[in-house]
Amino acid sequence: MVSADLAQTAAPSKGSNVPLATAGLLIGMLLSVLDQTVVAIALPDIAADLGGMDAIGWIVTSYMLASTATGALYGRISDRFGRRQVFVTAVAVFVVGSALCGLAQTTPQLIAARTTQGFGAGALFVLPTIALSELYPQHLRSRVQGFTGGVFALASVGGPLAGGAITDAWGWRWIFYINLPLGLLAMALTAFALRLPKPGGDGKVDLAGAVLIAGATVSLLLVAEWGGRTYAWTSGVILALIGAVAVLAALFGWRERRAANPLLPLRLFADPTLRVALPATALLGALLGGSIVYLPTYLQAAYGMGATQAGLALNPYVLTFMAVSSLAGARIGASGRFKPYLIAGAAIAVLGFALLSRLTPDTPYALLAVEIAVLGVGFGLLMQNLVVVAQNAASPADLAATTSAAVSVRGLGLSLGVAVFGTLLARELQGRAPSPVATAAALPDVLFWGAPAAAVLVALMALLPRTARHPTSGEATA
1 MVSADLAQTA
11 APSKGSNVPL
21 ATAGLLIGML
31 LSVLDQTVVA
41 IALPDIAADL
51 GGMDAIGWIV
61 TSYMLASTAT
71 GALYGRISDR
81 FGRRQVFVTA
91 VAVFVVGSAL
101 CGLAQTTPQL
111 IAARTTQGFG
121 AGALFVLPTI
131 ALSELYPQHL
141 RSRVQGFTGG
151 VFALASVGGP
161 LAGGAITDAW
171 GWRWIFYINL
181 PLGLLAMALT
191 AFALRLPKPG
201 GDGKVDLAGA
211 VLIAGATVSL
221 LLVAEWGGRT
231 YAWTSGVILA
241 LIGAVAVLAA
251 LFGWRERRAA
261 NPLLPLRLFA
271 DPTLRVALPA
281 TALLGALLGG
291 SIVYLPTYLQ
301 AAYGMGATQA
311 GLALNPYVLT
321 FMAVSSLAGA
331 RIGASGRFKP
341 YLIAGAAIAV
351 LGFALLSRLT
361 PDTPYALLAV
371 EIAVLGVGFG
381 LLMQNLVVVA
391 QNAASPADLA
401 ATTSAAVSVR
411 GLGLSLGVAV
421 FGTLLARELQ
431 GRAPSPVATA
441 AALPDVLFWG
451 APAAAVLVAL
461 MALLPRTARH
471 PTSGEATA
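Counting along the sequence shown from 1, when you hit position 23 you're at 23 in the working numbering, and nothing is skipped either side.
There could be a bad hint or two in this list.
[Said to hold, decoys possible] Restraint ranges, calculated between C-beta atoms of paired labels, are given here:
1. P137 <-> P364: 43 to 51 Å
2. V456 <-> A169: 20 to 28 Å
3. P434 <-> W254: 23 to 31 Å
4. A191 <-> P465: 36 to 44 Å
5. G431 <-> L20: 20 to 28 Å
6. A169 <-> F269: 44 to 52 Å
7. Q105 <-> S235: 43 to 51 Å
8. Q105 <-> A462: 21 to 29 Å
9. P197 <-> L20: 46 to 54 Å
10. Q309 <-> A433: 33 to 41 Å
These aren't lab readings, by the way, just hints derived from the structure by calculation. Since the model is a prediction, treat every value here as computed from it, not as a measurement. C-beta atoms are modelled at their ideal positions from N, C-alpha and C, and glycine is treated no differently.
Sequences and hints are given; from them, build the entire structure.
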């Protein structure tokens, strides 16, 4: 948690209790990420209880689609109605969805409830990232946002571990019921402690733009999820979805050029920093998604670990991610020099994926632990610092839109990364009899593709301008 001395040096809005507000925001963020992964381990128990095995994957997918598609909208809504009000409302929607999940009696009911959860969760990473940047002054942004990177790592990898433990102890419904007291605590802390001035966005929210970008996002995610697995790439369904992505994206661009209060102001892409930072953030999300989902799969397949053991075995990845994210954030915040750290993080990620691609059935776990720790270092240097670079390049009026865009494209990238790595795994397993041995042999070849993707990330980081103009402090070194 953010230290008291850090809070005291901030310049929050008058009346805010910074430590309590920070705690409430981080709890909401924890819930949003946790529920992306906590359910996966309980799917066999859910299928056995509710049936509907053919649709069981939609219990995970519906949540990711809803949260990813709505993330960009919440920044603009909070500009008009205020961060606190929108955050508390979104947590309430999430809590209601969680209760409905626990009460579901059929798989379709559970999918509908997970979609409701996702609509609330779309705000629970975006709005804390915005609000924390407003609670703390610019020179502390990187340090504070480093804590959010730690929350992301802890929740992403700890989700299956927590899900397995809760399911074994109390049954699968409690992985949803546990959200209720945590969500209510987040609402209470934020309602009491968060006092930020209303940003003053009095124009109408761009709902037409939100519908268009949500449709394009969902269509793109379905292409990645279904293409080459559920449907052939040349099938009518996939081709229609690809066409929908193109048409909806074009309409969104047309709409944003004409909207009085656009969801995503196209002027953001005139800034050289944002032109690099946003696609880099999407690519980073894809690499995070692929590693977070498929490293536990490798541990289970190669070493015969259960879900709980695999979660614990990922501690070198999680702990280095969290430690580096926090420590690097503090150091970068003090120096203001982002670019060397970002280039180093991307280069270390290349090394991490290259090492993982050389895994064999005889690789001892101790060596694997070192290799995943290397990956954790790379991601810890990159994740939230890319968001801070984007925030520092934005004017105060565009802070919410920029942060929403950065967090949303990272979420989109994460979902796409999971789907693309899954497609690569399916391709590697073609012609092999399904077995843990086959999966363990195939996954290093899948992880290999992370290395060239991370090399592209190195190139993008090198393209970042050396300085990014900040509207209140002249030049901030990138």
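Okay, the hints, checked on the actual structure:
| no. | hint | verdict |
| --- | --- | --- |
| 1 | P137 <-> P364: 43 to 51 Å | 47 Å, holds |
| 2 | V456 <-> A169: 20 to 28 Å | 43 Å, violated |
| 3 | P434 <-> W254: 23 to 31 Å | 47 Å, violated |
| 4 | A191 <-> P465: 36 to 44 Å | 40 Å, holds |
| 5 | G431 <-> L20: 20 to 28 Å | 57 Å, violated |
| 6 | A169 <-> F269: 44 to 52 Å | 49 Å, holds |
| 7 | Q105 <-> S235: 43 to 51 Å | 34 Å, violated |
| 8 | Q105 <-> A462: 21 to 29 Å | 54 Å, violated |
| 9 | P197 <-> L20: 46 to 54 Å | 18 Å, violated |
| 10 | Q309 <-> A433: 33 to 41 Å | 25 Å, violated |
Consistency with the previously given hints fails for numbers 2, 3, 5, 7, 8, 9, 10, ordered from lowest to highest.
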